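In the order they appear, the protein sequences are chains A and B. Under our numbering, read the first sequence as residues 427 to 678, first letter to last. Under our numbering, read the second sequence as residues 147 to 413, first letter to last.
Worth double-checking, as some hints may not be accurate.
[To be verified] Restraint-style ranges between C-beta atoms, simulated for each label pair: (1) A:Ser566 to B:Tyr237: 25 to 35 Å; (2) A:Ser466 to B:Ile178: 19 to 29 Å; (3) B:Tyr401 to A:Asn585: 49 to 59 Å; (4) A:Gly570 to B:Gly376: 14 to 24 Å; (5) B:Pro186 to A:Ala539: 18 to 28 Å; (6) A:Gly449 to B:Gly376: 50 to 60 Å.
Rather than coming from a laboratory, the hints here were simulated on the basis of the structure. Owing to the predicted nature of the structure, the values given are computational and were not obtained by experimental measurement. Backbone N, C-alpha and C define an ideal beta-carbon position, used for all residues, glycine too.
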Amino acid sequence: MPEASIVIDQVSKRLGTKQVLRGVSLSIDPGESLVIIGRSGTGKSVLLKHVVGLMQPDAGTVRVDGIDVPSLGTDELLTLRKQMGMLFQGGALFDSLTVGENVGLPLREHTDAQESQVEMVVHEKLHLVGLEGVEHMRPSNLSGGMKKRAALARALALNPKIMLYDEPTTGLDPITADLINRLIRRLQERLGITSIAVTHDMRSAYHIADRIAMLHEGRIHAMGTPAEIQSTKDPAVRQFIEGSAEGPLLPT
Amino acid sequence: MNETGVERLADRVPFRPILNGLRDTGEVLLLIGDVFRELPHGIRKLPLIVQQMVAIGIGSMPLTLIVALFTGAVAAVQASYQFRDYVPMIYLGTVIGKSVVIELGPVLTALVVGGRVGASIAAELGTMRVTEQVDAMEAMGISPTRYLVVPRIVAATLMLPVLTIFADIVAIFGGYLVAVLTLDVSSHTFTSGLRLYFHLRDVFSGLIKSVFFGAIISTMGCYYGLRSEGGAEGVGVATTQAVVASCLLILIVDYLLASFLFRVLFA
Numbered sequence: 427m428p429e430a431s432i433v434i435d436q437v438s439k440r441l442g443t444k445q446v447l448r449g450v451s452l453s454i455d456p457g458e459s460l461v462i463i464g465r466s467g468t469g470k471s472v473l474l475k476h477v478v479g480l481m482q483p484d485a486g487t488v489r490v491d492g493i494d495v496p497s498l499g500t501d502e503l504l505t506l507r508k509q510m511g512m513l514f515q516g517g518a519l520f521d522s523l524t525v526g527e528n529v530g531l532p533l534r535e536h537t538d539a540q541e542s543q544v545e546m547v548v549h550e551k552l553h554l555v556g557l558e559g560v561e562h563m564r565p566s567n568l569s570g571g572m573k574k575r576a577a578l579a580r581a582l583a584l585n586p587k588i589m590l591y592d593e594p595t596t597g598l599d600p601i602t603a604d605l606i607n608r609l610i611r612r613l614q615e616r617l618g619i620t621s622i623a624v625t626h627d628m629r630s631a632y633h634i635a636d637r638i639a640m641l642h643e644g645r646i647h648a649m650g651t652p653a654e655i656q657s658t659k660d661p662a663v664r665q666f667i668e669g670s671a672e673g674p675l676l677p678t
Numbered sequence: 147m148n149e150t151g152v153e154r155l156a157d158r159v160p161f162r163p164i165l166n167g168l169r170d171t172g173e174v175l176l177l178i179g180d181v182f183r184e185l186p187h188g189i190r191k192l193p194l195i196v197q198q199m200v201a202i203g204i205g206s207m208p209l210t211l212i213v214a215l216f217t218g219a220v221a222a223v224q225a226s227y228q229f230r231d232y233v234p235m236i237y238l239g240t241v242i243g244k245s246v247v248i249e250l251g252p253v254l255t256a257l258v259v260g261g262r263v264g265a266s267i268a269a270e271l272g273t274m275r276v277t278e279q280v281d282a283m284e285a286m287g288i289s290p291t292r293y294l295v296v297p298r299i300v301a302a303t304l305m306l307p308v309l310t311i312f313a314d315i316v317a318i319f320g321g322y323l324v325a326v327l328t329l330d331v332s333s334h335t336f337t338s339g340l341r342l343y344f345h346l347r348d349v350f351s352g353l354i355k356s357v358f359f360g361a362i363i364s365t366m367g368c369y370y371g372l373r374s375e376g377g378a379e380g381v382g383v384a385t386t387q388a389v390v391a392s393c394l395l396i397l398i399v400d401y402l403l404a405s406f407l408f409r410v411l412f413a
């Protein structure tokens, strides 16, 4: 058994008056694709932000390749983050930069690459996500799907070992969503990128996951392969994957 | 940021405003420490600094000059009213010159720029925060302090004295125009008064103040912008807080610096 690439152990987090995470434990192997499902507001994105060190746990540990993330200083954290890519829910492209500048920013900041090399990588990454000829456009002129794909190209710019996806298909049309799903799967299969995706899009979850974990009431409620999750008898999981208003999960 | 301890304490004791004030002070000091740590890297980002200098300096120039022109004009009217029958009009230039370079130029410029630039920085960084652009920057290993905060603070700290110099000149010119055109004071009388008791250290003291004011405005804009939360409403709150905090700190620091400069340094 290889050393797990990401280990989350008994992580708790309180935001304001709400206890969001209550001892979450997960282990993700190198090259594995884990999907975390759960209702809105259950702390899926919060958990993801702990992995990249954007949030610090109140209790518990988060280890990436054996490195304890919360204990890292600013510079060490910045170094670790260069090996990780994160796709944010709304894309989070920088409004003040063009799409090309957005994708090229990590290269310009972290490498000594010549301008021509940066432009080549920008073109290559945009081509990878099916976007071409948009280098000089502003993010505000792109559609939701294009923004997300451009953001994915930016997250991939430094060829990360780990990718974190926050709702990668939310708000996209089914065809673009499928394109993103295929892309995530391809990145994981061909490049061996370890990935964690949080979503409530079950179609996407089945497509990209090696394992699916359901986050419920601040804990991992269920865990299994897509086939195991699909055939589970757990009423909360069944209600969620079938998208039913009736069951143990109450409307919020 | 882990607020759990502070939040729990605040739930128990009725001192939330005090705790919030202490927390803000501590966090601003941490931000300032971070800025000094990142300064050597941040000042290499010359294009970003120049971009901010243009936005802050050139962008604020028209408003600053209009405010300065009328400030000088009003100073002339008010001073001449108080001088009438008691003080010779030769001192009109003296009092306008001194009050403008020591106090009115730096402080009014800072208050105007504080409203304009402080709000703009807070709104821009606040929007970046609530749309996760700041998180995205951190997630790709780029320090927001280095990339966003340092260029703004450096630019504002450099540009405020420049704006103040222009404001001083235009305000004195405003006073001169009113004196010569409407108060029956000759050009020679006004300029002679202006040269009387003129000390270069007065100009320097105003410029030293403006350096601090520039740092205050940009630091408050960055601090409140980066801690925005809760969407558009949060950005609005952050913008208001940045402007209010800037204006209060400008006046408080003005008093402290005036005390130091004129009671200690130039005493």
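Taking the hints in turn, this is what the structure says about them:
1. As the Cβ distance of Ser566 of chain A to Tyr237 of chain B is approximately 57 Å, the hint placing it in 25 to 35 Å is violated.
2. At about 38 Å, the CB distance of Ser466 of chain A to Ile178 of chain B disagrees with the hint of 19 to 29 Å.
3. At roughly 55 Å, the beta carbons of Tyr401 of chain B and Asn585 of chain A sit within the given window of 49 to 59 Å.
4. Between Gly570 of chain A and Gly376 of chain B the beta carbons are some 22 Å apart, a value that agrees with the proposed interval 14 to 24 Å.
5. For Pro186 of chain B and Ala539 of chain A, the Cβ-Cβ distance of about 23 Å falls inside the hinted range of 18 to 28 Å, so the restraint holds.
6. Taken as a hint, the range 50 to 60 Å is violated for the pair Gly449 of chain A and Gly376 of chain B, whose Cβ atoms sit roughly 27 Å apart.
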